Amino acid sequence: MVADPPRLSTWCETLRKCGRALRDILYGMTTYEMVRDLRKERARLEHLFVLITMGDLLGIPILPPYYSLRLLPYVLPCIEGWRCCLLRERDLTDLTDFET
Amino acid sequence: MNAITVLIISLIGIGVGYFLYARTIDRSIIRPDGSKITPAKMFMDGVDFTPANRNVLFGYQFKSVAALGPIVGPIVAVRWGWLPALLWVILGTMFIGWVQDYGSIIVGVREEGQTFGALSFRLISRRARTILLLFIYAYLLLLMAAFGKIVGFDLMTNPAVPLGVLLVMALGMAAGHMTYKLKMDILVTTGIVVVLSFVGIWLGTLGPIKSLIVTINGGATSPVLFGSVTWAQFLWSLVVLVLCYLGATLPIWRWAQPINYVAFWIVFLGIVGGTIGLVIWHPSIPADFPALSSFDGKLGDLMALGPLWPLLFVTIACGAISGWHSLVSSSGTSRQLELETDALYVGGGSMFLEMFLAVLSLLCATVGVGYDKYVALVGKGANAGVFANGLAAFLSQIGVPVSFGLPYGAVFLTLMALTIMYLCVRFMRVASAEFLGDVVPVIRNTAVGTIVALALSALLIWTGFWSYVWILFGGSNQLMASLALLIVSLWLKSKGKNYLWAFLPFIFMFITSIAALLTTAFQVIAANLKGGLPIDKVIGNWIAGGLAIFLSLAALVLAWDAIRALARPAEAPKTAQA
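Chains A and B supply the protein sequences, listed in that same order.
Each residue of the first sequence is one higher than the one before, counting from 1 in the numbering used here.
Each residue of the second sequence is one higher than the one before, counting from 1 in the numbering used here.
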């Protein structure tokens, strides 16, 4: 009996999708949390850096504007995330999402 | 009934619950829109708000919600008979459990990622938020006591267990160092550390090591230190508290995170191995294990637990419905959902999978251990030991010797409990700083806040009756769940949607939880008034009774405010501006 090539490829594709889904689920159960924690750690440091260099935006002039303007092109990509993070209202129940 | 039949019935429950009921609600009432921008995209900051793939999020949600609850609850609840426990696990998940998890995610997604504290303030009343936070603190305290007692009094006092647990901790720290400092590949690190962890657990089973631990415990029968607490129980519960202190104060990457990572593999391999062993073995539930024992939960010579309603419904919390899930769903998952249409798969799907874990645990107690051994173990207070014995029996079917399977099951449970306990202490520390920081500034200090949280936990661990503490923990957990259902109902009402599918479960859970808390309060106070208890138990009973009454009153005030909020008219639908 000759195997039906399109059907076989469909099966292979389905198996591949299942394998990918299982891999993602396992990732979600294991290293995803570590990745999130590292992102949080990096974001904290970045936000601190932006606060020091771009404090003028919040009315906290820490660095003279001359240096802030020199650094502006490097900080620009972070500003949107920083703004969102600073403006967001936080509640104590936020902390149940893992580490504090 | 054969174990495989039980598994098939659970799978049918999952099929009907998820594919028929949950999907109908999802499509006809919530109507998620895949084209709507979720908070994860709208407020993307690369930290809290980050869109994640639905499968990744499913894994994250399941790992965050499945702890010791779905394992220990069913083991205790089979004292009413395995049938009511099984029915509650399946029907509870089908009609209530997924509603809470899914509802919490949907409310979070539609309300710009707001958590329950903020939502209760907005939807219920100004004081609701404060009450909710006090409530959560008391709930976490009970969780610490229930888990701490299982680990410190039951699991760690087994001479074959402590070395394995401590070595896994040390290897977890090593894994953190290898990953973050030495920049080693995560797969290599995982391979080395997991293999060494199994070697560590095996080392703990060797005669000389066990003799050493027995000596540390003060002999085969450990001497009583105070009240009814033995030296071994005191020592190992103190060790657990020290581990929690480290978990709550050290940087997350140094302690809690890598240890949790290694612990996950120990637990995951145990669940997979146990399930395969069960399927190969496919035994029947022993005929002498009653399907229904008695309404007051009296099994053999064991002490009666109390009336089936309401106590069974709080004894099994996780695995049927649990308030913890709503906290994880609203503050974590809802902020990472890429598409609204993923909410049911992530929230509902992981709840149904947790139900499966609870059924496996129930089978551990019934077919894995059997009636006589179950009564003997529970009679000695070794509730967690029941699971370790059951898992060892399942693993023996795939060639794992019982002498290794038994301590492995105990280490498995210990790690599962500790994973959650670190988080609880961290939260309690911050909550106490928030509440009392202005009045008592010293509480803002990390060490002081943590020690206060641990001291309160220790008081309950060393004084309370475990069965009462467990039921109180379950009651507060279910009350938390019912409050989450209430917030979901209020939100549905405010949007002019049908809210009965969340409100009816709320009424059932609310009345049941309050009844369970008050029943337990009555039991512990009556036991104290009757007299004859050692002083530690008297203190523990008064604390437990006080907590039960406080939680009930807090919930009633919150419900009163919520009913008034429910009477408010629904929000007018937003119209596009011309």
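In case anyone wonders, no lab produced these hints; they're calculated from the structure.
These numbers come from a predicted model, not from an experiment.
Just so you know, even glycine gets a beta-carbon here, dropped at the ideal spot from N, CA and C.
Be a bit skeptical, because a hint or two may be false.
[Said to hold, decoys possible] Some chain A residues well away from chain B (every beta-carbon gap over 12 angstroms; in silico):
1. L8
2. R20
3. I25
4. L63
5. L69
[Unchecked claim] Quick partial rundown of chain B residues pointing at chain A, CB under 7 angstroms, derived from the structure:
6. G59
7. K63
8. F116
9. Y137
10. I252
11. S432
12. E434
13. L436
Structure versus earlier hints - violations, ascending order: Going through the list in order, the structure violates hints 2, 3, 9, 11 and 13 and respects the others.
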